[in-house]
Amino acid sequence: MRAFSLNAVELLDYQPNRYPFLMIDHVTRVEPGVMADGYKNLTNNEWYFPQHFPGAPNMPGALQLEALAQMLTVAITTLPDMRGKVTHALSHYVRFRKEVLPGQKFEIKTAVLSWKRGICTGTGYGFIDGDVACEAKMVITIPEILDQYLPKRYNRE
Amino acid sequence: MDNNAKYDAVFMESFSVKPSELTDKLEYNSIPEWDSVGHMTMIAGLEDAFDIVLEMDDIIDFSSYDVGKNILRKYSVDI
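Protein sequence lines correspond, in order, to chains A and B. Residue numbering for the first sequence follows the numbering used here, starting at 1091 and increasing by one per position. Residue numbering for the second sequence follows the numbering used here, starting at 5 and increasing by one per position.
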């Protein structure tokens, strides 16, 4: 499929999270079903910096991971008929390597390893000044799709 | 490895069960590991093991260890 970009407004059609939990600003390139890259610009005005931590602000690791997952989600929600679908995390394995500080640009690269029957496995990397700040292997799902393939005489757990 | 052994191996790997647990009582949601994600892991494992692609209706009907054997026969996999 054709690759394209999404600005801060356009990406809202493909990413259901909103302030204060939208962790990506711009999608520089998305190839639906294959990859999505973009970034989050960090300013002193981020809601978490005053408390994490006073005098030593840095982006919480859980939110770095959330940013990677949100970018990976865009690689799926840009597929035909997927726009606006809600995604859930199934499992994430993450490794943090570098602090992410106010004033920096958190660049994100994600790739879809598989997308089948509502389950996406993918990888994500967060970069600061070209260095890997964090990396993750992620499994996310679109429950609305997944549920269509489950035995029906049993309740979904 | 014959088809029976392949079938059992997929179940044991997908759900971390022992050979003694592969009985007619093993059903979707009968153990914590056979949840929605486990279901898709097991289906993908069977597709790889037998080089087949299961139809959506068969994935939905695949509700137990025993039922699955009958479903795979539709794909010329005798177990």
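Note that these hints are calculated values from the structure, not bench results. Model, not experiment: these values are computed from the prediction. Just to be clear, a hint being listed does not mean it is correct.
[Stated by the list, open to error] Here are the simulated BS3-like pairs of lysine-lysine, each with C-alpha atoms no more than 25 Å apart in a straight line:
(1) K1242(A) - K29(B)
(2) K1227(A) - K1206(A)
(3) K10(B) - K73(B)
(4) K1242(A) - K78(B)
(5) K29(B) - K73(B)
(6) K29(B) - K1227(A)
(7) K1242(A) - K1195(A)
(8) K10(B) - K22(B)
(9) K1188(A) - K29(B)
(10) K29(B) - K78(B)
(11) K1206(A) - K1175(A)
(12) K1227(A) - K1199(A)
(13) K1227(A) - K1175(A)
(14) K78(B) - K10(B)
(15) K78(B) - K1188(A)
(16) K1242(A) - K1199(A)
(17) K1242(A) - K1188(A)
(18) K1199(A) - K78(B)
[Said to hold, decoys possible] Here are the in silico distance ranges between beta carbons for each label pair:
(19) K78(B) - A1098(A): 20 to 30 Å
(20) N74(B) - Q1141(A): 31 to 41 Å
(21) T1211(A) - A9(B): 24 to 34 Å
(22) G1145(A) - S24(B): 28 to 38 Å
(23) K78(B) - T1133(A): 54 to 64 Å
(24) Y1138(A) - S24(B): 43 to 53 Å
Heads up, the beta-carbon is just placed ideally off N, CA and C, and yes, glycines get one too.
Cross-check of the supplied hints:
no.	hint	result
1	K1242(A) - K29(B)	holds, 18 Å
2	K1227(A) - K1206(A)	holds, 16 Å
3	K10(B) - K73(B)	holds, 12 Å
4	K1242(A) - K78(B)	holds, 20 Å
5	K29(B) - K73(B)	holds, 14 Å
6	K29(B) - K1227(A)	violated, 34 Å
7	K1242(A) - K1195(A)	violated, 46 Å
8	K10(B) - K22(B)	holds, 14 Å
9	K1188(A) - K29(B)	violated, 49 Å
10	K29(B) - K78(B)	holds, 22 Å
11	K1206(A) - K1175(A)	holds, 15 Å
12	K1227(A) - K1199(A)	holds, 12 Å
13	K1227(A) - K1175(A)	holds, 21 Å
14	K78(B) - K10(B)	holds, 17 Å
15	K78(B) - K1188(A)	violated, 53 Å
16	K1242(A) - K1199(A)	violated, 37 Å
17	K1242(A) - K1188(A)	violated, 46 Å
18	K1199(A) - K78(B)	violated, 42 Å
19	K78(B) - A1098(A): 20 to 30 Å	violated, 50 Å
20	N74(B) - Q1141(A): 31 to 41 Å	violated, 58 Å
21	T1211(A) - A9(B): 24 to 34 Å	holds, 27 Å
22	G1145(A) - S24(B): 28 to 38 Å	violated, 59 Å
23	K78(B) - T1133(A): 54 to 64 Å	holds, 59 Å
24	Y1138(A) - S24(B): 43 to 53 Å	holds, 50 Å
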